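Novice: Sequence:
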Amino acid sequence: MTTPPTGPDSSDPFAKGPAAPQGVPPQGGAPGPGGPQWGPPPGYGYPQQQAGYGFPPPGPGVPHHGGPAPLLAIGDIIVTQGEITTPAGTMPLRGAVWNASDLSRTEERISQTGIILAIIFGILLCGLGLLFLLMKERKTSGFIQVTVTSAGHHHSTMVPALGPWSFHQVMQQVNYARSLSM
Numbered sequence: 004m005t006t007p008p009t010g011p012d013s014s015d016p017f018a019k020g021p022a023a024p025q026g027v028p029p030q031g032g033a034p035g036p037g038g039p040q041w042g043p044p045p046g047y048g049y050p051q052q053q054a055g056y057g058f059p060p061p062g063p064g065v066p067h068h069g070g071p072a073p074l075l076a077i078g079d080i081i082v083t084q085g086e087i088t089t090p091a092g093t094m095p096l097r098g099a100v101w102n103a104s105d106l107s108r109t110e111e112r113i114s115q116t117g118i119i120l121a122i123i124f125g126i127l128l129c130g131l132g133l134l135f136l137l138m139k140e141r142k143t144s145g146f147i148q149v150t151v152t153s154a155g156h157h158h159s160t161m162v163p164a165l166g167p168w169s170f171h172q173v174m175q176q177v178n179y180a181r182s183l184s185m
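Sequential numbering from 4 applies to the sequence shown in our numbering.
It is worth saying that the hints were derived from the structure and are not from the lab. Treat the hints loosely; a few may be bogus.
What the hints assert, rightly or not - What follows is a set of in silico ranges between Cβ atoms, one per label pair, in the way DEER data are often shown: (1) Gly130 x Asp105: 36 to 42 Å; (2) Thr93 x Pro167: 48 to 54 Å; (3) Thr152 x Leu74: 16 to 22 Å; (4) Asn102 x Ile123: 30 to 36 Å; (5) Val100 x Leu137: 42 to 48 Å.
Keep in mind the model is a prediction, meaning the values are calculated, not measured. Ideal Cβ placement from N, Cα and C applies to all residues, glycine included.
Given these sequences and hints, build the entire structure.
Specialist: Printed below as a string of structure tokens:
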């Protein structure tokens with residue numbers, strides 16, 4: 004019994020060894036100190052990330068937020084245990100003056116559904132269709148302006164009014180911020 008010749012020109016596909024993964028350049032030589040290592044060379048492809056859990060740290064120039072947890076957020080104003088953070092910077096919480104202004108309005112008008120039903124039932128049942136004109140709809144639009152002043156800095160934000168209750172909700176948040184500022 005004869006054995007087939009081994010070598011690079013052999014027709015046996017298993018004699019060559021496993022193929023290199025796609026996208027990795029072939030590397031030769033024996034591994035060892037100072038010799039080539041398995042895998043792509045450092046700096047090849049995507050930047051190397053440090054091992055660890057969670058999100059990777061932000062790049063240079065991006066502030067690292069690891070401060071206290073926010074207690075309250077009103078628009079773009081964030082209140083923590085000791086400071087107020089706004090897009091313009093931070094202010095001390097102690098001694099801050101808070102104000103809120105209701106710049107919203109609520110309009111009441113006859114709903115379109117009521118008008119359509121009044122026309123349909125007005126033709127069919129005469130006077131009964133007029134009762135549908137009593138259907139009203141309320142629509143709130145506008146903003147609630149919240150301002151904070153502390154240590155010579157001033158910031159104002161506009162919170163959209165989603166309903167007639169919006170001003171009361173924002174005032175509760177402002178009153179809580181006032182209690183933290185004392």
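Novice: Please go over all the hints and tell whether each is borne out by the structure.
Specialist: Quick rundown of the hints versus the structure:
no.	hint	in the structure
1	Gly130 x Asp105: 36 to 42 Å	holds (41 Å)
2	Thr93 x Pro167: 48 to 54 Å	violated (34 Å)
3	Thr152 x Leu74: 16 to 22 Å	holds (19 Å)
4	Asn102 x Ile123: 30 to 36 Å	violated (50 Å)
5	Val100 x Leu137: 42 to 48 Å	holds (46 Å)
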